[in-house]
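> Now for the letters of each chain:
2 protein chains.
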Amino acid sequence: MSENNSVNGTVTAEVLSSPFLKVLLQQIRGQDTYGTYRKWSDELILKPFVVTKQKKREISLEGEVDPITQARIMAFFRAVAAGIEQETGLISQVVIDLSHEGFGWALVFSGRLLLAMKTLRDAHRFGFDSLEKLAEEGEAFVQKGVDLAKRFPEVGKL
Amino acid sequence: MSENNSVNGTVTAEVLSSPFLKVLLQQIRGQDTYGTYRKWSDELILKPFVVTKQKKREISLEGEVDPITQARIMAFFRAVAAGIEQETGLISQVVIDLSHEGFGWALVFSGRLLLAMKTLRDAHRFGFDSLEKLAEEGEAFVQKGVDLAKRFPEVGKL
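So the protein lines, in turn, are chains A and B.
Read in order, the letters of the first sequence correspond to residues 6 to 163 in my numbering.
Read in order, the letters of the second sequence correspond to residues 6 to 163 in my numbering.
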C-alpha cells in the first residue's frame, strides 16, 4: 500500500497537506457561517469535489446547475485566488458566469490581468477524479496565476 | 436649436454618426435573426438605451433583471468589444455576470487582458441619460480598451 494513494477512501495525510487543499479547506471553513462543517474532518469536506467518471455519467445535465455545485465551483476558484494572493499579495475578484445549461466561464482577475480562467462545460458534473487530481489542478492554476502576476506586475496592479 | 442636441426626441444625424453608435447598431442588426428590426430606424433601435433619471426611478428593482434589459447590456459591451477589435484586431470575449438582484460584472477580455470592466448595480435600470451620453460612454470604454491593448500587446495576445 503506497503512502501516496488513497485506498478504500482513506486519504493519506500527505495529500491533505497539499498547499492548495489547505487553502481550499480554509476557504470553505471560513465561509461556514452556521458552523455546519465545524466537526467535519478535512476529508469529509473535500469529498464532494471528487466526482469519478462513472459518477459523472450518472449526473443529469438537465435543468440548472444546482446551488451546491455552484458553491463548489466558487470555492475552487476562490481558493485559486487565495493561493495566488499568498504568493503575490494581489487581491483578486472571482467571477463565475454560468448559463442555465451549465456552460460558462470561471474568471479570477486582479487589476486588468486575468490570473486564472476556465471555460465551463457541463458544470453540473464539476469535480475531479481524485483528491490528488484536485490538488494538482488547483496548484496548476495557482502556479500559472503567480507566473502571470510576476511577469506582468503592472497589469495586475492597474 | 443646436445641431448637437436632440429636441423633442429628434436626434440629429451627427449623434447617430458617432463611431460607437454605428458599431452598436451593427451589433444589434447583426443579431436580428428574425428580421424584427429590419424596417426600424436607427433612432428607434437605440431608443431603449436611453433611460432618464426620472424613468430609472420608475423601474422596480424587485425580481430578476428582465431578459430584454440583459440583452441590452450584452449589446452594449459587445459593441465595446467590436469597437476595440476594429482598432486593434484583438477578438475578445464578453462575459456578463448578473446576480438575481441585478448586481454583477460586465467584462471584456482578450488573452489575459481585461479590456473593459464595469461593476453593475441595479442592472434593471441599465441605460443612459441621452444618446449623446450613450455614444460618449461607449466611446470611452473603447478608447480605454484600445489604450490598454496597445500598452500591453503581449498580455492581450496570450
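Any given hint could be a false lead.
All copies of an identical chain are treated as equivalent in the list; a pair is satisfied when it fits inside any one copy or across any two copies.
Unchecked claim - Derived EDC-like pairs: lysine to aspartate or glutamate, alpha-carbon spacing no greater than 20 Å straight-line:
no., residue 1, residue 2
1, Lys155, Glu144
2, Lys52, Glu69
3, Lys155, Asp37
4, Lys52, Glu141
5, Lys123, Asp102
6, Lys162, Glu137
7, Lys149, Glu159
8, Lys123, Glu63
9, Lys61, Asp152
10, Lys44, Glu137
11, Lys155, Asp134
12, Lys162, Asp152
13, Lys60, Asp37
14, Lys27, Glu159
15, Lys44, Asp152
16, Lys149, Glu67
17, Lys155, Glu63
Since the hints were made in silico from the structure, they are not lab data.
> Hint by hint, note whether the structure agrees.
Outcome of the hint check:
Taking identical chains as interchangeable, the C-alpha atoms of Lys155 and Glu144 lie at most 20 Å apart only when both belong to the same chain, with a minimum of 16 Å there against 32 Å between chains. For the homomeric pair Lys52 and Glu69, neither the shortest alpha-carbon distance inside one copy (22 Å) nor that between copies (34 Å) is at most 20 Å. For a Cα distance limit of 20 Å, the shortest separation of Lys155 from Asp37 qualifies neither inside one copy, at 32 Å, nor across copies, at 44 Å. For the identical chains of this complex, Lys52 and Glu141 are intra-copy neighbours only, at 15 Å inside a copy versus 51 Å across copies, given an alpha-carbon limit of 20 Å.
Taking identical chains as interchangeable, the C-alpha atoms of Lys123 and Asp102 lie at most 20 Å apart whether they share a chain (11 Å) or sit on different chains (15 Å). Taking CA atoms no more than 20 Å apart as the test, Lys162 paired with Glu137 passes in neither setting, with 33 Å inside one copy and 32 Å between copies. Proximity of Lys149 to Glu159 under the C-alpha cut-off of 20 Å is found in both arrangements, the shortest distances being 17 Å within a copy and 16 Å between copies. Taking the shortest alpha-carbon separations for Lys123 and Glu63, neither the intra-copy value of 23 Å nor the inter-copy value of 39 Å comes in at or below 20 Å.
For the homomeric pair Lys61 and Asp152, neither the shortest alpha-carbon distance inside one copy (32 Å) nor that between copies (44 Å) is at most 20 Å. Taking the shortest alpha-carbon separations for Lys44 and Glu137, neither the intra-copy value of 23 Å nor the inter-copy value of 59 Å comes in at or below 20 Å. For the identical chains of this complex, Lys155 and Asp134 are neighbours neither inside a copy (31 Å) nor across copies (42 Å), given an alpha-carbon limit of 20 Å. Taking the shortest Cα distances, Lys162 and Asp152 sit within 20 Å of each other both inside one copy (14 Å) and across copies (16 Å).
In this assembly of identical chains, the alpha carbons of Lys60 and Asp37 never lie at most 20 Å apart, being 27 Å within a copy and 41 Å across copies at closest. Within a single copy, Lys27 and Glu159 get their C-alpha atoms no closer than 29 Å, and across copies no closer than 33 Å, so neither meets the 20 Å cut-off. Taking the shortest alpha-carbon separations for Lys44 and Asp152, neither the intra-copy value of 37 Å nor the inter-copy value of 52 Å comes in at or below 20 Å. In this assembly of identical chains, Lys149 and Glu67 lie within 20 Å of each other by CA distance neither inside one copy nor across copies; the values are 33 Å within and 41 Å between.
For a Cα distance limit of 20 Å, the shortest separation of Lys155 from Glu63 qualifies neither inside one copy, at 42 Å, nor across copies, at 48 Å.
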